[in-house]
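*Asks:* Chain order of the listed sequences is A and B. As numbered in the numbering used here, residues 21 to 270 make up the first sequence, in order. As numbered in the numbering used here, residues 21 to 270 make up the second sequence, in order.
Because the hints were derived from the structure by calculation, they are not lab data. Values in this document were obtained by computation on a predicted structure and should not be read as measured data. From the three backbone atoms N, C-alpha and C, an ideal C-beta is built for every residue, glycine too. It cannot be assumed that every hint is accurate.
Incomplete in silico selection of chain B near chain A, CB under 8 Å [as the list claims (entries may be wrong)]:
(1) GLY102
(2) GLY199
(3) PRO267
(4) LYS269
For the chain A half of the interface with chain B, some residues (derived, Cβ under 8 Å), not all of them [stated by the list, open to error]:
(5) ILE61
(6) GLN74
(7) PRO76
(8) PHE209
(9) LYS221
(10) LEU225
(11) THR230
There are 2 protein chains.
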Amino acid sequence: MIILKNEEKTFTYSEKERKIGTGNSAVTVPPNLIVSPGDVISTKSGVYTALHFQPPEFGNVCRRNAQIIQPHDASYMIFRSGVRTGSVVLEAGAGSGSLSSFILWSIGSSGKLVTVDNNENNLAATKENLSNFYDLSNWFPMLGDVRTEKIEGRFDAIFLDIPDPWNAVSNVIENLKPGGFVTTYSPNFNQMEKTVIEMKKLGMLVMENTELIRRNMLVREGSTRPDHNSLWHTAFITFAVKRSSSPLKL
Amino acid sequence: MIILKNEEKTFTYSEKERKIGTGNSAVTVPPNLIVSPGDVISTKSGVYTALHFQPPEFGNVCRRNAQIIQPHDASYMIFRSGVRTGSVVLEAGAGSGSLSSFILWSIGSSGKLVTVDNNENNLAATKENLSNFYDLSNWFPMLGDVRTEKIEGRFDAIFLDIPDPWNAVSNVIENLKPGGFVTTYSPNFNQMEKTVIEMKKLGMLVMENTELIRRNMLVREGSTRPDHNSLWHTAFITFAVKRSSSPLKL
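Taking the hints into account, I'd like the entire structure generated from these sequences.
*Replies:* In structure tokens, the structure reads:
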């Protein structure tokens, strides 16, 4: 799948179906035209540049049924939780699949992602969105309540993007390997505070509580300035590590 | 290599050498003690939690000979430029190896990283820092001036963290694959502006100019607030894509 982009719009181009998805409709590409990354495509509606797909573009082309986790947040969440090739990851909820896309991209075919959501429509939308870019043989959707559901498996990392993560940590911590991270994404101070209290009660090391603010810049010769359209708040991110119970003496 | 961490300090533990590096000195771990991620280690100087290494910890334990690219910036730079398993990447300069660490982590053993710097000491420090965490068989340091040096190879992505990236883009763009990203990291508006003007002159699509601000949070029951110690400015990040020369008509 290729991304077509200019300053205003983002489309997808499916090589297999030879179709450009323009949001509401699709344009068929003639059989003699080969579109490669870097190509400049001039159409009636404007000039576009073809790009390789990358997770930060996912939110621009997916069907949104929930606020997505922003790319700058998701990027840091992946690295700060140690997720990489081969990682086995649990996340809840599904949202529109934006964080799932970052995770699948990072873990590769040797990793595994379980996505828990208590809403069937969220899982269906996430599946539809992800299937445009991933083969999904290592993606396991699970309908259920992450706060109470018995979950199988041992995970390297767990992400919670639900309204009350503090009610879920004690249920999922059993499934987390020692040294693994629970990462939560909470719009409010109050959610973060309750979650941190619960994490400490469970003996976790709370590594970091942070928010990332993205300020876009309008760059023009002689009149460069911050864009009005910046993201002054998305959510607070908490990173905590599962500790083993018996301390070693040195 | 394992990271040992508490709220104040970060140390490294080398399994092979059985030594804990505490910055100025090293503590030998007795042969009967096995340290695994998640373990809590109690020492005379405090209680530490053992963690898997991850790139955001690199800056806490490396020998710094330059301001490092901050983890939240580096994370976004990696994802936004499409760098992943197998990518072939060029970067300049070396700094202390913080971005190099993110790149090596992301590209894995099937990828390749060339790091150009005109200062031998920077390359030596970077090599020493990286060798603690990576095998370096796919890392190629190169002594030279990225603005003028003839560079071999074709790259998926290029990162420029030098004082005058606008003087280097025209030299390296020949080595970039169409659809590949040049990503620059510039502390000043002026540097970003000059770079964007040069990128546009070279026919690139400037995708995004942004700064990320990290605000750390102090979370305590009933008195949660932003930390005084936040990062209100690091650098402006510019992402631009190389376009092919002849446009396709649709």
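*Asks:* Where does the structure disagree with the numbered hints, that is, which hint numbers, in rising order?
*Replies:* Hint 9 alone not satisfied by this model.
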